[in-house]
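Q: What follows is the residue order along each chain.
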Amino acid sequence: ETGVTQTPRHLVMGMTNKKSLKCEQHLGHNAMYWYKQSAKKPLELMFVYNFKEQTENNSVPSRFSPECPNSSHLFLHLHTLQPEDSALYLCASSQDLGGRSEKLFFGSGTQLSVL
Amino acid sequence: GQQLNQSPQSMFIQEGEDVSMNCTSSSIFNTWLWYKQDPGEGPVLLIALYKAGELTSNGRLTAQFGITRKDSFLNISASIPSDVGIYFCAGQAISNTGKLIFGQGTTLQVKP
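Top to bottom, those sequences are chains A and B.
Going by the numbering used here, 107 is the number at position 107 of the first sequence; the sequence numbering is gapless.
Each position in the second sequence, counted from 1, maps to that position plus 1000 in the numbering used here.
Keep in mind that the hints were calculated from the coordinates and are not lab data.
Quantities reported herein were computed from a predicted structural model and do not represent experimental measurements.
Virtual Cβ for every residue (Gly too), placed ideally from N, Cα, C.
Among the hints, a few may not be true.
[Claimed, not checked] Cut-off 25 Å, straight-line C-alpha distance, at most; resulting in silico cross-link-like pairs (DSS-like, lysine-lysine):
| id | chain 1 | residue 1 | chain 2 | residue 2 |
| --- | --- | --- | --- | --- |
| 1 | A | Lys22 | B | Lys1111 |
| 2 | A | Lys41 | B | Lys1099 |
| 3 | A | Lys103 | A | Lys36 |
| 4 | A | Lys40 | A | Lys103 |
| 5 | A | Lys52 | A | Lys18 |
| 6 | B | Lys1099 | A | Lys40 |
| 7 | B | Lys1099 | A | Lys52 |
| 8 | B | Lys1070 | A | Lys103 |
| 9 | A | Lys41 | B | Lys1070 |
[What the hints assert, rightly or not] Sample of chain A residues at the chain B side, in silico, Cβ under 8 Å:
| id | residue |
| --- | --- |
| 10 | Leu43 |
| 11 | Glu53 |
| 12 | Glu56 |
| 13 | Leu90 |
Just chain A, same shape as in the assembly (with noise of 0.2 Å):
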């Protein structure tokens, strides 16, 4: 148990659809992020919330929308996706950020396919 929960686990989507992904944290961190794992490519940073509040975002595309009502809780939208964005979609909080309160703890991810 990590202390991150993201559902749900796999998503099969097609292109029209929307759907959401979401993420829990137990940790009493402040900082939560979104990455994207695609096969053999390093994790690629998508957007960083810090106290509710968006402080990253690493030129995203708008098909994907976060949204972060609270610090225990990260959402990421999606809507008209591609099937190149079918990969790992990770969450990960941490303490603070900056420094050694930036140690990252990851959920176990939601593995979507878009079709």
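Position chain B relative to chain A; hints supplied.
A: Chain B in isolation, oriented as in the chain A frame:
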């Protein structure tokens, strides 16, 4: 942009052997982290390093923060089958709070 080069990409070793992998960056980092990812799971933090020259152990794992602050090493001694997985290095530059950069990963397979 900043890049991390992690090597080797994959290793296939005999149980009981020692393993070494490393990461090098194009810029100076103030934090190095090492993670392990099992199939179907998210990465789990193994070791965190914050000072140049720092050497830290976690059981059979030992990691070092390079003196130049541009590299880090992870060693696994006396490997066992459960060491199988993908090992990632991650680093952060002083000026890039919130932007932890990950290496491409080293896939380790252990033959019993």
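Q: Please go over all the hints and tell whether each is borne out by the structure.
A: Consistency of the hints with the structure:
no.	hint	in the structure
1	A/Lys22 with B/Lys1111	violated (37 Å)
2	A/Lys41 with B/Lys1099	holds (17 Å)
3	A/Lys103 with A/Lys36	holds (18 Å)
4	A/Lys40 with A/Lys103	holds (24 Å)
5	A/Lys52 with A/Lys18	holds (23 Å)
6	B/Lys1099 with A/Lys40	holds (20 Å)
7	B/Lys1099 with A/Lys52	holds (17 Å)
8	B/Lys1070 with A/Lys103	holds (19 Å)
9	A/Lys41 with B/Lys1070	holds (21 Å)
10	Leu43	holds (4 Å)
11	Glu53	violated (11 Å)
12	Glu56	holds (5 Å)
13	Leu90	holds (5 Å)
Hint compliance for this structure: hints 1 and 11 are not met, and every other hint is.
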